[in-house]
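Undergrad: Residue numbers (my numbering), protein chains in the order written: chain A, 1 to 289; chain B, 1 to 308; chain C, 1 to 264.
Check before you lean on any hint, since a few could be wrong.
[Stated by the list, open to error] Pulled from the structure, derived: some chain B residues nowhere near chain C, Cβ distances all over 10 Å:
id, residue
1, Glu81
2, Asn89
3, Glu122
4, Lys142
5, Glu157
6, Thr303
[As the list claims (entries may be wrong)] Some, not all, of what chain A presents toward chain C, calculated at C-beta under 8 Å:
id, residue
7, Thr11
8, Arg12
9, Val16
10, Ala22
11, Val26
12, Arg36
13, Arg72
14, Leu228
15, Pro270
[Said to hold, decoys possible] Take a look, some chain C residues computed to stay more than 12 Å from chain A by CB distance:
id, residue
16, Gly33
17, Gly56
18, Arg93
19, Ala117
20, Leu138
21, Leu166
22, Ala241
23, Arg260
Don't read these hints as lab results, they were simulated from the structure. In this text, all values refer to a predicted model and were calculated from it rather than measured experimentally. In this text, a Cβ means the ideal position worked out from N, Cα and C, and glycines have one as well.
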Amino acid sequence: MKSGGGRHPGTRSGAVAALVLAALLVKPVQDFIDARAPAGEEPDLLFFNSPELVRKMALGFEPLLADLYWMRTIQYYGRRDDEGRRRESFENLHTLLDITTTLDPGLQDAYRAGSCFLSEPPPVGAGQPELALELLEKGARSHPLQWRLVYERGFVHYLYLKDYAAAGETWLEAARVPGAPEWLAGLAAMALSKGGAEEIAVSLWRRQYEEATSDAVRDNARNHLHSLQVKRDLAALRDRIERHRAATGSFPPSLGTPRDPMGTPYAYDPRSGRVDLDPASAVRCLDVP
Amino acid sequence: MAVIEIENLTKDFAVGFWRKRPVRALDGLSLEVRAGEIFGFLGPNGAGKSTTLKLLMHLLSPTSGSARILGRPAGDTAMHERIGYLPENPYFYDYLTPRELLTFMGRLFGMGGAPLARKVRELVGEVGLAASADLQLRKFSKGMVQRLGIAQALINEPEVVFLDEPMSGLDPLGRMEVRRIVTGLRERGVTVFLSSHILPDVEAICDRVAILNRGRLQEAGTLEDILRARISGHEVILSGWTEGTLEAIRPWCSEVRAMGERLHLRADDREDLEAVLGFVFAHGLELVSVNPIRPSLEEYFQTLVVGK
Amino acid sequence: MNRILAIARNTFRETVRDKILYNLILFALVMIGSSLALGQLTLGNEDKVILDLGLGAISVFGLLIAIFIGIGLVYKELEKRTVYALLAKPVRRYELVLGKYLGLLWTLGVNLAVMTAGLALALGYTGRAPAGAYWRLLPAVGLIFLSLALATALALLFSTFSTPALAALFTFFLWVIGHFNADLRTFGELSGSPAVEALGRALYYVIPNFGNFNLIDGRGVLQTAGYARPIDPWAVAGAGAYALLFIAFLLALSVIIFARRDFK
Ligand SMILES: Nc1ncnc2c1ncn2[C@@H]1O[C@H](COP(=O)(O)OP(=O)(O)O)[C@@H](O)[C@H]1O
Ligand SMILES: [Mg+2]
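Could you put the whole structure together from the sequences, leaning on the hints where they help?
TA: So this is what it looks like as structure tokens:
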């Protein structure tokens with residue numbers, strides 16, 4: 001309440017001062033808020049985290065809003081902070097996916113990539129394979145003729161829940177969907193016979209890699225394939241070292257230069273006989289069957 | 001002592017949607033209003049009266065020129081403690097009752113408590129709204145709102161009151177009452193600046209007037225002075241006339257009308273009048289009356305509006 | 001200060017006697033009530049559904065009140081010329097702006113209180129929410145109040161220089177955009193063009209960020225074990241500071257515009 005009337009320079013300069021001061025302070029305060037809570041990236045339409053409510057309020061702009069939410073989901077999942085770190089927990093991922101797919105049930109990417117993001121154990125994903133199954137079932141209800149959504153469900157059962165029987169049953173179900181490819185039945189049979197877990201895994205990931213429609217999914221599949229490859233390479237190398245020691249009583253002085261899938265040589269220590277992925281390797285090694 | 005000093009006040013409005021062009025609503029108005037007088041601000045619709053009042057209230061800022069009230073510039077907030085204003089066609093929050101509105105307005109002057117309540121009661125009575133003091137304004141007629149508008153202009157016992165068309169929307173009785181209120185103010189020494197296009201009201205109560213047309217001041221002074229300068233002949237009324245009389249006086253008269261017994265004549269200048277009167281006395285006719293023809297304010301207005 | 005309070009009080013009285021207000025509150029309460037029915041349809045987390053819907057309803061209807069009543073009031077004041085008589089009183093123009101604003105906040109506060117009570121009743125009806133949840137409704141609604149105070153300041157600013165329809169449209173538009181503020185920025189970052197990125201960044205700070213106030217949702221209020229969303233008091237304080245600053249900015253701008261204005 002500065003002195004001077006509404007028509008006097010006093011008010012005017014007071015108001016201008018307040019205006020400038022407030023304008024200068026807004027940015028630091030916003031940055032403080034952003035630093036406190038990663039709220040900027042949370043599903044910050046928090047009051048609208050009920051998918052039905054969001055859909056009702058979309059007022060005919062559902063597809064547009066769905067695209068926005070999908071963009072926001074990908075941001076939420078893949079965004080890195082200034083130091084290049086990704087977030088470590090994905091508690092709101094399912095809500096975002098749920099809202100996205102409620103707004104636009106036709107957004108198949110959201111089911112497929114979303115289930116992948118949800119299933120991966122932390123820190124890669126949310127570690128919520130059950131919610132991934134729920135999401136895929138929701139998708140299958142909207143798209144009863146899409147064998148792929150059923151197939152993905154088997155994928156989750158097999159690779160994340162390690163429930164091979166359920167995976168096999170689900171793939172059988174997928175094989176019965178009109179238009180499903182023939183290899184599905186074979187896949188189901190293999191899963192049900194519990195044989196060749198690794199082969200199945202490799203072929204699943206390869207398929208995923210080849211058919212991925214989003215970069216995040218493709219990268220994830222590639223990481224898995226690499227991890228499987230590393231696992232196999234290391235097993236073979238260790239086998240070779242063991243045989244050499246059994247024959248000569250000492251570790252081989254060198255293994256040649258076997259390289260990992262990203263081209264970095266494996267790290268071998270001839271004194272201890274240990275071989276492993278080079279810490280500097282570009283391969284992101286994941287837990288694989 | 002001048003209570004209101006207006007100097008060369010000019011206001012342009014920008015009109016037009018795309019290319020704004022200035023329209024001059026008020027053109028170099030200079031005026032002085034003295035303490036304690038009722039000053040009539042006259043002019044046909046669109047003359048610039050309301051614009052002037054808004055400039056005085058600093059609702060508008062002038063294009064050029066200046067105005068002082070009680071020696072202070074128009075925007076001075078402290079000066080506003082000492083004046084009252086009735087806008088043209090006033091409108092007030094229609095969900096309020098007169099008592100609430102007046103109390104609210106009183107609070108803006110820092111009044112409150114029992115004195116304010118007393119003042120409100122007094123004013124409501126003075127403008128004849130006592131019976132409807134607690135009725136919401138949306139049930140009010142235009143005339144009632146107008147009375148309330150006058151009441152709110154007086155809540156702070158102002159020294160100068162500005163009334164923009166205070167009589168408009170009122171029935172004849174209401175106009176009488178407003179006249180009574182305004183003359184009452186003069187008795188208390190309040191200066192009243194009142195705009196109007198209803199002339200009889202102004203003629204009846206104003207000490208001095210200014211006449212505005214198309215944003216320009218035409219004339220200022222007492223009504224007497226303004227109108228006397230415009231005497232345009234005399235009306236003579238005779239009786240006991242004959243057909244021969246008619247023939248004889250016709251050359252001196254611009255107008256001759258027989259009305260039963262009486263003959264109404266109009267003589268435009270002094271020579272003609274003397275000739276007519278000489279004839280009347282010479283022929284022993286009965287002279288009923290001789291009156292100067294002073295234009296009414298209406299006629300004066302008409303000549304202003306049509307003539308320019 | 002007395003004059004500001006007198007104007008605020010008068011503004012509050014004006015809104016309280018307006019029928020629209022009661023219609024809006026009634027709608028909000030009906031919506032909160034219907035969340036009970038909706039809550040029963042979902043298994044398990046009906047409290048969360050009630051809270052999410054209830055808080056959403058409070059936010060949206062609060063916005064409608066802020067927009068329609070806020071803009072309507074200022075418009076009436078200007079268009080119906082009540083402001084003429086008012087400004088001829090020893091009232092400074094900034095006092096009128098601040099008084100109006102405070103009066104609107106007063107109205108908004110009372111309305112939020114009524115709606116919050118309705119929501120608490122709905123929550124009590126299920127009888128399963130923890131006692132602390134009722135207390136945590138306060139900061140949750142408090143944040144909504146802050147966001148609505150910001151929206152009201154926007155509405156006030158727009159109505160100082162545009163028609164009510166446009167002012168309502170602008171306010172609503174900014175409210176919506178303000179919720180997607182962070183998306184604008186990330187969109188800019190994704191674009192790969194430095195110019196677009198700078199623009200997105202600038203807009204992030206310039207457009208009022210309504211996302212800042214979404215800190216406490218149904219889960220935050222409930223704090224059910226295993227399903228909790230912690231409330232960060234510093235973030236809440238930050239949101240408060242943000243609201244105050246932005247409101248100060250908008251009001252100062254309104255005052256400047258209003259002080260220059262001709263009342264024709
Ligand atoms: N807001 C405005 N914009 C443009 N012209 C205006 C405005 N207000 C008044 N005028 C013009 O200014 C002139 C004077 O108007 P006004 O002061 O209201 O006259 P009065 O009160 O004597 O009837 C008129 O010609 C009118 O058209
Ligand atoms: Mg007028």
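Undergrad: For every hint, state whether the structure bears it out.
TA: How the hints compare with the structure:
B/Glu81, annotated as away from the interface, has a beta carbon of chain C within 10 Å; the closest lies near 5 Å. With a closest Cβ-Cβ approach of about 7 Å to chain C, B/Asn89 is found to fall inside the 10 Å limit, against its non-interface label. Residue placement check: B/Glu122 keeps its beta carbon more than 10 Å from all beta carbons of chain C (closest about 19 Å). Even its closest Cβ contact with chain C, about 13 Å, leaves B/Lys142 beyond 10 Å, as expected for a residue assigned away from the interface.
Every beta carbon of chain C lies more than 10 Å from that of B/Glu157, the smallest distance being close to 13 Å; the non-interface claim holds. No Cβ of chain C approaches the Cβ of B/Thr303 within 10 Å, the least distance being about 30 Å, so the stated non-interface status holds. Proximity of A/Thr11 to chain C holds as hinted, the smallest CB-CB distance being about 5 Å (cut-off 8 Å). With 8 Å as the threshold, the beta carbon of A/Arg12 comes within range of chain C, its nearest partner Cβ sitting at about 6 Å, so the hint holds.
Checking A/Val16 against chain C: minimum C-beta separation of about 7 Å stays under 8 Å; hint holds. For A/Ala22, the interface hint holds, the least distance from its beta-carbon to any beta-carbon of chain C being 4 Å, beneath 8 Å. Contact between A/Val26 and chain C, as hinted, is supported at the beta carbon level, the nearest pair being about 5 Å apart and thus within 8 Å. Given hint, A/Arg36 at the interface with chain C, holds; its Cβ is 4 Å from that chain's nearest Cβ, closer than 8 Å.
A hinted interface residue such as A/Arg72 counts as satisfied when its beta carbon comes closer than 8 Å to some beta carbon of chain C; here the least separation is about 6 Å, so the hint holds. Among the interface hints, the one on A/Leu228 is violated; its C-beta lies about 32 Å from the nearest C-beta in chain C, farther than the 8 Å criterion. Checking A/Pro270 against chain C: minimum C-beta separation of about 47 Å lies over 8 Å; hint violated. With 12 Å as the threshold on Cβ separation, the claim that C/Gly33 sits away from chain A holds: the shortest Cβ distance comes to roughly 15 Å.
With a least CB separation of 4 Å from chain A, C/Gly56 falls inside the 12 Å interface cut-off, contrary to its annotation. For C/Arg93, the requirement that its beta carbon stay farther than 12 Å from each beta carbon of chain A is not met, with the minimum near 3 Å. For C/Ala117, the non-interface assignment is confirmed: its Cβ lies about 18 Å from the closest Cβ of chain A, beyond the 12 Å cut-off. Listed as a non-interface residue, C/Leu138 keeps its Cβ farther than 12 Å from every Cβ of chain A; the least gap is roughly 16 Å.
No beta-carbon of chain A comes within 12 Å of the beta-carbon of C/Leu166; the shortest separation is about 20 Å. Interface exclusion of C/Ala241 from chain A breaks down, the closest Cβ pair being 5 Å apart, not more than 12 Å. For C/Arg260, the non-interface assignment is contradicted: its Cβ lies about 8 Å from the closest Cβ of chain A, within the 12 Å cut-off.
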